[in-house]
Amino acid sequence: MTPVTSKVCVVGDFAVGKTSVTERFVNNQFSGKYLSTVGVKIDTKEIELPALGVAQKLVIWDVAGSDEFGPTEFAYLRGASGYIFVADGTRPATVAVVEHLYSQIIKRYGPAPFVLLVNKKDLSQEWSVSDEYLDALTDAFGHVYRTSAKTGDDVEQAITRLAELIVDNDLRSA
Amino acid sequence: MELPPRVVNYLQDEFLSQARPFCFLIDEEYRLIEQWGYAGWCGLAGIEPAMDMRGPAPFLAGIPLTEVLELEFVETPGRVVVNVHVIPDGTQSYIVLLDTRHVHASIQTRQQSVNELRLMRASQDKLIDRQRDLISDLVETRSELDHHRRETERISANKSRFIAMMSHEFRTPLASIVNYAELAAEENSSSNDVQKSIETISRSAKHLTSLVEAVLDDASLDAGQLELREYDFDILRLFHDVASMMAPMAAEKGLSFATFVHPDMPARVHADEVRLRQVLINLLGNAVKYTVDGGVKLTATYDDGRLMATVSDTGPGISMDNQERVFEAFERGAGKGEKGAGLGLTITLRLVELMRGEVSLDSMPGEGCTVSVHVPVMAAEDGPVTRQEILPTPSDDTIAAKPLSVLICDDDVDMIALVEHYLHRSGYGLITSFDSSEAIAKALKYDPDLVLMDCNVPGVGGVAAAKVLRDRGYAKPIVALTASKLDDEQKSAFTRFFRKPAPMQELLSEIKRLTH
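In order, the protein sequences belong to chains X and E. Taking the numbering used here, the leading residue of the first sequence gets 25, the next gets one more, and so forth. Taking the numbering used here, the leading residue of the second sequence gets 167, the next gets one more, and so forth.
Everything labelled a hint here was simulated from the structure, so no lab data went into it. Backbone N, C-alpha and C fix where the C-beta goes; we use that ideal spot for every residue, glycine too. A portion of the hints provided could be inaccurate.
Unchecked claim - To list a few chain X residues with every Cβ distance to chain E over 12 Å, as calculated:
#: 1; residue: S55
#: 2; residue: K65
#: 3; residue: P95
#: 4; residue: Y126
#: 5; residue: K131
#: 6; residue: D146
#: 7; residue: S148
Unchecked claim - Non-contacting residues of chain E with respect to chain X, defined by C-beta distances greater than 12 Å in every case (computed):
#: 8; residue: D218
#: 9; residue: R276
#: 10; residue: R284
Stated by the list, open to error - Label pairs and their calculated CB-CB ranges:
#: 11; chain 1: E; residue 1: E310; chain 2: X; residue 2: D192; range: 36 to 42 Å
#: 12; chain 1: E; residue 1: Q258; chain 2: X; residue 2: P27; range: 40 to 46 Å
#: 13; chain 1: E; residue 1: R172; chain 2: X; residue 2: S55; range: 30 to 36 Å
#: 14; chain 1: X; residue 1: T68; chain 2: E; residue 2: L283; range: 30 to 36 Å
#: 15; chain 1: X; residue 1: S55; chain 2: E; residue 2: Q258; range: 29 to 35 Å
#: 16; chain 1: X; residue 1: P27; chain 2: E; residue 2: S289; range: 29 to 35 Å
#: 17; chain 1: X; residue 1: D192; chain 2: E; residue 2: I301; range: 48 to 54 Å
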């Protein structure tokens, strides 16, 4: 089965765990050391979507953290089939950043499938995003996951769900 | 200035050695047409014409080949950092890769420091917020503690004052009782002295009883043990009784006293007569107590199932600060030198609340005081006689019609002597016992017409003795006469229950009724 190739961009504020989420998904690894990303890191992973009977090659663009997109970041997003928004559950402001970036992307490139990962679920003592807020986000955006790149909780499920959404979207567009 | 070829060549060499450009040409299907430069450094060694370049160069996936595009600092899966330039040329596109490792490393180091600093600041802000919250909680907790401490101190001071006051209040009538009893017992006392002593003893005992009842009522309300006993009764009679009781007290102080009962007041209502009477007596008693000039007025109206009783006086009034406190236990508004437990208004308020009613107070210093009580009260039809009405009037009704015997069991010699005195006078024969086990034996042996039983007595105790007597076939009345509080199950062991101190006339009437 020849996989369908899709470009997905991982976006969000700095130090929310975008690179860690990608590393967990692609290589099933985690490093606790924070290393800021400059520019964009590209990785690929092939997955199968048995429910849809397709294989998919995801080309994942892990974009440097930012609370505001400029021309450089928009250039990275060109041609993306979907987005992985990442926020930090211990820093509520990063969820607001995601909301802002989402509106910027929609304005620039139009709607596309996405999932929202509220990450660092393992830091339960420091978790500061209320369930009510997350429920409201789920109501507004749909696909919201509480994830932990450290333990792997819900990372694969969230990104696999995005892959399904992209295939659905492609089929509808075709 | 135009650069000489030598400089141009130098710059060109410098750029080529730093940026190590690698360029390849692809068609619109991303297939390689041809390449220029060394591909090894950027992980593209081995690419061949017609190869789909989105495989070895995944950053091309999704990239439109219709416009010039520059992508800075693209880190490939082979961990090489390049700047990617897409330069379309008709149906073909040139892709230029420039090595930016050195610049990227330098920016990354700077960016890392900046981000770590921002994280540290965010963490600091969070700590400061937490600290601020903790300080705010601490201040609030401290303020609450201060408030509780002041309340506790005030309550404790009130209780201390209450104990000191009650000590005085109890001792005064007790001293009268003791001294006048001694006086009456003196051999050379005239009959006039004895009569006067008895009157004083009786008055002091009543006062003592009212003090004890106030304290016990307050304790019962505290423990939630006070229950209303509602029945139909003549409310007009109640107002009349209360007015008859208060008018002489007001007159003694030179105060006017008036009662107005609205014509719409039903003649009979269904409520707790005893507690309603207590509420009115407390309010009127206070009004008379604290009023020096002028008068006291009781107004009673009835509307839509609610009774409103208003007591107004021309007394000193109560300041706003003290208006809430006068309903608290052991507070005595203007009570300098006044007698009482300081519980009257507390009990009044709690009794009214127990009746699902409200109390309101309207007063200004120097302008008297008006206290209104609103309670839901059902009007009653003219129906069966009330409990009060079936009580026989004292006098001849208490005399036994035929020779009858009563067994009295009590460990208090004085109480036995008192009951013995009254029962003898009423024509009853007496069997006495200080022990409940002995009382069982005597009752079964002599079969008295009635057993009068204290509960807290030596032996098996009064309640158990009554049950044993019933089990062994004693079928005549067993009446409890006790200072103890009994629950319904305990009361069921007895034919009737009297709480000490019981009005002797009422007790005798009941004994006669039960033995005939």
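Going through the hints against the structure:
Interface exclusion of S55(X) from chain E stands, the closest Cβ pair being 14 Å apart, more than 12 Å. Its beta-carbon lying about 4 Å from the closest one in chain E, K65(X) breaks the requirement of being farther than 12 Å from that chain. For P95(X), the condition that its CB be more than 12 Å from all CB atoms of chain E is violated, with the nearest at approximately 9 Å. With a minimum CB-CB distance of about 19 Å to chain E, Y126(X) clears the 12 Å threshold, and the non-interface call stands.
Here K131(X) stays apart from chain E, with its beta-carbon at least about 19 Å from theirs, past the 12 Å limit. In this structure D146(X) is separated from chain E by more than 12 Å, as the shortest Cβ-Cβ distance comes to about 17 Å. Distance check on S148(X): its Cβ is at least 16 Å (rounded) from any Cβ of chain E, clearing the 12 Å threshold; non-interface status holds. Residue placement check: D218(E) does not keep its beta carbon more than 12 Å from all beta carbons of chain X (closest about 10 Å).
Chain X draws R276(E) into its interface by the beta-carbon criterion, the shortest separation being 9 Å against a cut-off of 12 Å. Not every Cβ of chain X is farther than 12 Å from the Cβ of R284(E); the closest lies at roughly 7 Å, contradicting the non-interface assignment. Taking 36 to 42 Å as the suggested C-beta distance range, the pair E310(E) and D192(X) does not conform, at roughly 57 Å. Between Q258(E) and P27(X) the CB atoms are about 26 Å apart, so this pair departs from the stated range of 40 to 46 Å.
Between R172(E) and S55(X) the beta carbon distance is about 50 Å. The supplied range of 30 to 36 Å is therefore violated. Between T68(X) and L283(E) the Cβ separation comes to about 33 Å, which falls inside the hinted range of 30 to 36 Å. One distance hint, 29 to 35 Å for the beta-carbon pair S55(X) and Q258(E), is violated here, with the actual separation near 42 Å. Between P27(X) and S289(E) the C-beta distance comes to about 42 Å, which lies outside the given range of 29 to 35 Å.
The hint said 48 to 54 Å for the Cβ distance between D192(X) and I301(E), and at roughly 53 Å that hint holds.
Violated hints, listed in ascending order, are 2, 3, 8, 9, 10, 11, 12, 13, 15, 16; each of the other numbered hints is respected by the structure.
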